[in-house]
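Spelled out, the chains give:
There are 8 protein chains.
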Amino acid sequence: MNKSDVRRLLESVKDGRMGIEEASKQIEDLPYKDLGFAKVDNHREIRVGYPEVVYCAGKTVKQVKDTIQFMLTKENNILATRANEEMYQAVKEICPEAGYNSLGRVITIRKREEPLTDSYIAIVAAGTSDLPVVEEAAETASLLGNRVEKIVDVGVAGIHRLFSKMEVIRGAKVVIVVAGMEGALASVIGGLVDKPVIAVPTSVGYGANFGGLAALLSMLNSCAGGVSVVNIDNGFGAAYNASIINKL
Amino acid sequence: MNKSDVRRLLESVKDGRMGIEEASKQIEDLPYKDLGFAKVDNHREIRVGYPEVVYCAGKTVKQVKDTIQFMLTKENNILATRANEEMYQAVKEICPEAGYNSLGRVITIRKREEPLTDSYIAIVAAGTSDLPVVEEAAETASLLGNRVEKIVDVGVAGIHRLFSKMEVIRGAKVVIVVAGMEGALASVIGGLVDKPVIAVPTSVGYGANFGGLAALLSMLNSCAGGVSVVNIDNGFGAAYNASIINKL
Amino acid sequence: MNKSDVRRLLESVKDGRMGIEEASKQIEDLPYKDLGFAKVDNHREIRVGYPEVVYCAGKTVKQVKDTIQFMLTKENNILATRANEEMYQAVKEICPEAGYNSLGRVITIRKREEPLTDSYIAIVAAGTSDLPVVEEAAETASLLGNRVEKIVDVGVAGIHRLFSKMEVIRGAKVVIVVAGMEGALASVIGGLVDKPVIAVPTSVGYGANFGGLAALLSMLNSCAGGVSVVNIDNGFGAAYNASIINKL
Amino acid sequence: MNKSDVRRLLESVKDGRMGIEEASKQIEDLPYKDLGFAKVDNHREIRVGYPEVVYCAGKTVKQVKDTIQFMLTKENNILATRANEEMYQAVKEICPEAGYNSLGRVITIRKREEPLTDSYIAIVAAGTSDLPVVEEAAETASLLGNRVEKIVDVGVAGIHRLFSKMEVIRGAKVVIVVAGMEGALASVIGGLVDKPVIAVPTSVGYGANFGGLAALLSMLNSCAGGVSVVNIDNGFGAAYNASIINKL
Amino acid sequence: MNKSDVRRLLESVKDGRMGIEEASKQIEDLPYKDLGFAKVDNHREIRVGYPEVVYCAGKTVKQVKDTIQFMLTKENNILATRANEEMYQAVKEICPEAGYNSLGRVITIRKREEPLTDSYIAIVAAGTSDLPVVEEAAETASLLGNRVEKIVDVGVAGIHRLFSKMEVIRGAKVVIVVAGMEGALASVIGGLVDKPVIAVPTSVGYGANFGGLAALLSMLNSCAGGVSVVNIDNGFGAAYNASIINKL
Amino acid sequence: MNKSDVRRLLESVKDGRMGIEEASKQIEDLPYKDLGFAKVDNHREIRVGYPEVVYCAGKTVKQVKDTIQFMLTKENNILATRANEEMYQAVKEICPEAGYNSLGRVITIRKREEPLTDSYIAIVAAGTSDLPVVEEAAETASLLGNRVEKIVDVGVAGIHRLFSKMEVIRGAKVVIVVAGMEGALASVIGGLVDKPVIAVPTSVGYGANFGGLAALLSMLNSCAGGVSVVNIDNGFGAAYNASIINKL
Amino acid sequence: MNKSDVRRLLESVKDGRMGIEEASKQIEDLPYKDLGFAKVDNHREIRVGYPEVVYCAGKTVKQVKDTIQFMLTKENNILATRANEEMYQAVKEICPEAGYNSLGRVITIRKREEPLTDSYIAIVAAGTSDLPVVEEAAETASLLGNRVEKIVDVGVAGIHRLFSKMEVIRGAKVVIVVAGMEGALASVIGGLVDKPVIAVPTSVGYGANFGGLAALLSMLNSCAGGVSVVNIDNGFGAAYNASIINKL
Amino acid sequence: MNKSDVRRLLESVKDGRMGIEEASKQIEDLPYKDLGFAKVDNHREIRVGYPEVVYCAGKTVKQVKDTIQFMLTKENNILATRANEEMYQAVKEICPEAGYNSLGRVITIRKREEPLTDSYIAIVAAGTSDLPVVEEAAETASLLGNRVEKIVDVGVAGIHRLFSKMEVIRGAKVVIVVAGMEGALASVIGGLVDKPVIAVPTSVGYGANFGGLAALLSMLNSCAGGVSVVNIDNGFGAAYNASIINKL
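Chains as they are written, first to last, in full-length UniProt numbering: chain A, 1 to 248; chain B, 1 to 248; chain C, 1 to 248; chain D, 1 to 248; chain E, 1 to 248; chain F, 1 to 248; chain G, 1 to 248; chain H, 1 to 248.
Keep in mind that the hints were calculated from the coordinates and are not lab data. Glycine is no exception: its CB is placed at the ideal position from the N, C-alpha and C atoms. Where hints are given, some of them may not hold.
[To be verified] Mimicking EDC-like on lysine to aspartate or glutamate, the simulated pairs with C-alpha atoms at most 20 Å apart in a straight line are: (1) E/K59 with A/E93; (2) E/K62 with A/E135; (3) G/K62 with D/D15; (4) F/K59 with E/E52; (5) A/K59 with A/E93; (6) G/K247 with G/E85; (7) E/K74 with E/E52; (8) H/K92 with H/E149; (9) B/K59 with H/E135; (10) C/K14 with G/E113; (11) A/K247 with B/D66; (12) F/K59 with E/E113; (13) D/K111 with D/D153; (14) F/K195 with F/E167; (15) H/K62 with G/E135.
[To be verified] Here are some chain C residues the structure puts well away from chain B; computed CB gaps all over 10 Å: (16) D15; (17) G19; (18) E52; (19) T67; (20) A126; (21) E182.
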């Protein structure tokens, strides 16, 4: 609502074309509309199609259940990350159609199936130990309406395995690279594709890995262009980010 | 294609069952198609339009000059980052049309002007001290053929300044957020737009900033979706990344 | 007691106006009175109204119970922080009126109800996962006789939620900001109010959060004035500090 | 402007008591007024009496001079921190009455002298090497209109020196403690006063001091209540914070 | 070999100027010979004699069992590191001859006994707490076909114990030094032998040991030549490395 | 045994005054005697009176029991640190007179009572949570034959409590200061006594304490002379060190 | 002055045996005497024989000169550490007999020669690069009246060099070990002597040395008993500490 | 010399077959021979062929010159690392045939040319900025008598460049990998060769590189077997290590 809209509204009031009640309501909405963040509001939380997201770590089973019960009153899909088996069982009681990816620790509730994108997100992982992060990312991307291709166990120690999968990686619109230990896979892929690469360091490893710090620093210092990084083990964040890009 | 496949193919050629054209095509695909990285080669280094990039930090003036002299023999645009005044003077001797952004410490040589994208990259910075990184990013994005909008000095300590610029930020296809100190700007913008946000922590600050570490960790832990991070002060990397996204 | 007081006392002794017993007692008190730390003693530990505080982490159930049993012989209110359910049960046996905030892990024993302050402390938290720290702070502030207003789940990723609560935040005499992850909330609020802001980083988050380090560094580097910081998860310390300011 | 205000305004327009131009203008102002951050705006940057602040580190002499030249067109006092001698000389050219505290690296321009507070801020420092931070804090507090008392060289290695100054420290409304090395002074003072203590770790020291990290961690872990912490060497922040408290 | 080379080759085949055998060989060499990594493939994963390795940490018992079941279909020896008792029991069900070193947490399956090397690897450890790493290294080295000598409990605090074992240490072709705490043993041995020394820091210790960081930094900064370092507790890596050297 | 001793020995052999057996034995002893470290050997491990020490952390109950069973065959006192209740029960089976300090997690077996030193070691601790380290130190010092005085709960937050105990602290020949959190106690005591002060940082605390790192750095940066530091929670090391000094 | 002293004093006043002036003065002295820290005062700063110490780092030449000029009015020896050549020249102007150890960066002014101790302090250093710290320690120890023996370049990489000096090291009453890089020398010596060992990590080294952190951690984790540690490069602190022990 | 050797010697003395002088001399040699470190002595420092090594960092020009002057009296080759131009000029005065590699900052003095090994050491570097470390390694390896092959600018961002050099890398007996930034090259090469790989992290990079820490951690966590690591920028150490292996 810009300056002329306001004028026109006031003229309508003056002319009696619009009642005070209606005008008052429109004006009260202004702060959000004009500042523009109401769109976020609408976009992220209200508009049907975008999932409601619950981060379950550090929450009790009851808290998770109650939150989802409330969400079920709306029409959005629901995504609960870092959810354990017990949480899933509790959710299932109130929503039998809830799905659970035990590896990715993700509960999904699909209230409406969205059409998938034509372009796809490639999720590439160095080793099988990175699978929990891969699955969290894949479930997130999928619920957000993206087509997903997973390529696992193509770590740089056996680089020919990676090359045999380059076709499918190159075909993606955006690539998520998931790797722990030294995280070198992000740099290698960053040098081989000219698509945006979102790197997810994982806490897989031990000793001087320091809970994923080694992979994180490695990815931040990538000598390859086009690589950006999200938090350690943050499969959800990478997929959310990738989804925005995939839908551009 | 294994040994016997090759033999069979050759026998078909010998027998005249397969034409040389067809056989040739199958063989040519072998090394590269299967591995696929030849495209990168073409894409990044050979295809005209992509700039040659020199990272000048830790190089001598002579090394920078020699490298650029060699690059001048090709037809690509040239971008030299982290270049000091002295390096620029040396380059100017061999290439009088070279430009220099002293704030961003970037030398640019435009051998062919590319048409700019319709969509633009917004580069948003918290404070005036972040300008060197902003300029490095802007020069890079521009040389890569992107339209750029710069919005500076909208740090969260005076958040109304940010809101008055939301329109132009929201209009971008991809947003680069440059911030030092506590780097909170990335989270706030990440919550206000639904475009990909590439966060660049800067080393601006002191004490417990630890050379940009505070902003880096802050951005990696952003509670807002859609935010990914590049290395501290890495304006080039953010712009390179943003350019890939902007051209999707 | 200054120089002339001492002289006068000695003259009283010489004149026989004061007995040696009495003078001796006054002189023996000198070191503490003159240095002033007796006041601390009186203030913090003896004066009725100030609670006795037990930090239960790392103590056995028996140690906590014994300590509180001893404290019950005095007239002060009692606050036991970081107390688990089992400790509370043990305390309840010896003091049935003891209260327990299970979220904040705080046992409170109110032996005399203090009148609350007119001004209030606002405790603002980014997310529901920060609630344990919020509750610890709220219980502490309340037992210290402060009126408290809690505002939860106003993290910067949805900044409009924060704005709808600015009225009550601005009305406080001192503001406690509780936030994990990137801790950006402290900077944003610091820029919006001109009251002292005490920031409490929480260990909520994962990966490069490093147990609250990210939020801590973020808050220490806040670009907004008026923000000071206490230890990670230290709701008690923030409230104690806020109480001192609120009662100035 | 609340709901009934809006209604009344609309009725005035309808009744013709208020022109559309005027009403339109009032409505356009809404977003800022209702959200309340316009007050910040007014308060911090527009209201005479609050100084304009320039953080000079990382700025060129010219940038500092230009910024201050612009500020001189307003009526506020001006404070430039982390300013070197050369910057001061440049400022002096355009503002001969500018003052310079070379130890604290602070330029001050007093366009109007504010009455000082009755209560005072005590700035207590462990050693003479902490003086630059003390001076930055003192100049800031003073320009903000606070009475200041400085107590220097009372480090805990000779704790009797501290005790002889306790009277003046206890008399303050708020205490700033400046200490490097192990920063123990903050805990000791925190245990001796019941006023808010703002601790400033300094980078004074060497080796395992790690640029002030030792003092910072020490102060954050203070076993004494009532201690909060600002960034390493941040005398300005401590004073700004103390000023807010002192004026409550 | 470019397009025209291929064409010419095919024409030669068609014309009968080149035999199929010769042409086949030239073509087969294309993908791998030019790139060269096929040898790795053959060497590490296909050639009988090299063990298959499973890193069990972070895997479920079922995952370990399934992986090994698959490996049993090949002819290689199998090594499963970081395997717990439960994993071993599961493996034993499908392969009764599987061995288990409970201290080293290593499952070994020997499908063909390789002849041991003449030269041996000395594995020297500072204390008995380092034994798990020693055993992991010893099992690995042994399965890779190396003769191994273990020398334990020769930490530098009682250096005469080390000297009495120097003969056997000096006799090795390569020396693995395993030490936690301050890791000084690597430097001392590095100064006493002129064989390659591979240092393995262990997480043995507490406090400022920081999970092996102290020993790691110590070993990286060794003042003795000839010392290189692997990850904390990485007995497998040290042995794998030593085996390569021992077989040179 | 110097050159002339050797000559004399050889002459005795030549002259038949000494048998080859005896001479051979004396020569074989040379390496240790001449280098001097045999004394250590004798001193620390063989000479009756010095305890045998077992560090139980990371050992199994059986390993601890077996080690002590072996030690029981010698005449030395035995000290087992970091021992849990279960280990103690196992040891008690083979040595009913074994004592156990459950707070300090120390098993002691006194095979001969040594006379205590006249001078004493003062062990001063900031809080009751530091007691486990205090007890480990006290048991160690006592078994090594030192008189010990414990002064607990004299943290700097209530410094008058410390002053009331200064007499006994000053009377010691060497002072052990045990403190967690910010570890300021070491500096304060270091400034008040002129005896050697051995500081033991403890892991007591949370958040930015980082497992004792805050106290460790604080103590290393102590502004008071005469303070040296041992590892975090290392009560044994402090007492061993203090015992050496106390017996000088 | 205890209770009966006070009574007696008051009785003297009452009886007229002591004037009010005199009694007043004695009472005013009480706080310091009774608390006992006056002794420190007397001991460290007033008693002739103990040097005045100036830490010059971060001070201007003028500040150093002024401080020493003031000190020259007393009768104590003077020690200025971390002093550069320019500072020395300035001091020499006002005190021509001032000495300067350029390697150790120490200015010494001997106003009275103290008799040296019979027992000596051994200062042992790993390499010649550690000499600045050795010299700082040696000058300090010497000025404090200790006999000193320096043993340099006996790093563990050539351990036989150390053994040839064990006699003189064992002869000391207290041993200072100075080492950078991996700092292993402290552990080796700690295992060979049964005297108190004070370890000084130095910042000598590079890379993962992290300014002395590697040696610091190494020494804190020493597996040898009897080793305590001071700050990185803190030769003064080690010598001050050693002097206290040497004079016990 | 073992037990029976000693007996035999004594019998020879008794029988008069060996003179006391000779026997005495043999016995005096015992400590070193039997303990074996005399060999080290001989090997490293005395045996002609092994170079004398001077680490020049932190030394004055005069110290370097004097050290080398002394070394020139022996017959060994001389290697001075981390030497600046000024040091070289000083050395040249006393030894005109001294060579200087300004990039590698290495002075070499060849007093006798050793025959080179048949096998060679491959030194592979990611970028041209790593050249100083490459040169230091190459000069060291060469002076130690090794044939060296340098392969530079084959970083993983353009992995095809690496593949075109695999032949020469695979041909080496031992491979040194030099890389800064994220150090991924070590893992990639480790996966492609089955020779020992010594990884040298370099400090090349900025921001979250933290002076080489990122590359260091990356290399330590390498997912490829056969990789061990030396200190950051330690080209000398890598080459020394590689030389030992190359000569096995």
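A quick look at each hint next to the structure:
no.: 1; hint: E/K59 with A/E93; in the structure: 30 Å, violated
no.: 2; hint: E/K62 with A/E135; in the structure: 18 Å, holds
no.: 3; hint: G/K62 with D/D15; in the structure: 79 Å, violated
no.: 4; hint: F/K59 with E/E52; in the structure: 31 Å, violated
no.: 5; hint: A/K59 with A/E93; in the structure: 18 Å, holds
no.: 6; hint: G/K247 with G/E85; in the structure: 32 Å, violated
no.: 7; hint: E/K74 with E/E52; in the structure: 9 Å, holds
no.: 8; hint: H/K92 with H/E149; in the structure: 28 Å, violated
no.: 9; hint: B/K59 with H/E135; in the structure: 15 Å, holds
no.: 10; hint: C/K14 with G/E113; in the structure: 49 Å, violated
no.: 11; hint: A/K247 with B/D66; in the structure: 43 Å, violated
no.: 12; hint: F/K59 with E/E113; in the structure: 33 Å, violated
no.: 13; hint: D/K111 with D/D153; in the structure: 33 Å, violated
no.: 14; hint: F/K195 with F/E167; in the structure: 13 Å, holds
no.: 15; hint: H/K62 with G/E135; in the structure: 18 Å, holds
no.: 16; hint: D15; in the structure: 61 Å, holds
no.: 17; hint: G19; in the structure: 59 Å, holds
no.: 18; hint: E52; in the structure: 34 Å, holds
no.: 19; hint: T67; in the structure: 35 Å, holds
no.: 20; hint: A126; in the structure: 7 Å, violated
no.: 21; hint: E182; in the structure: 4 Å, violated
Checked against the numbered hints given earlier, the structure breaks hints 1, 3, 4, 6, 8, 10, 11, 12, 13, 20, 21 and satisfies all the rest.
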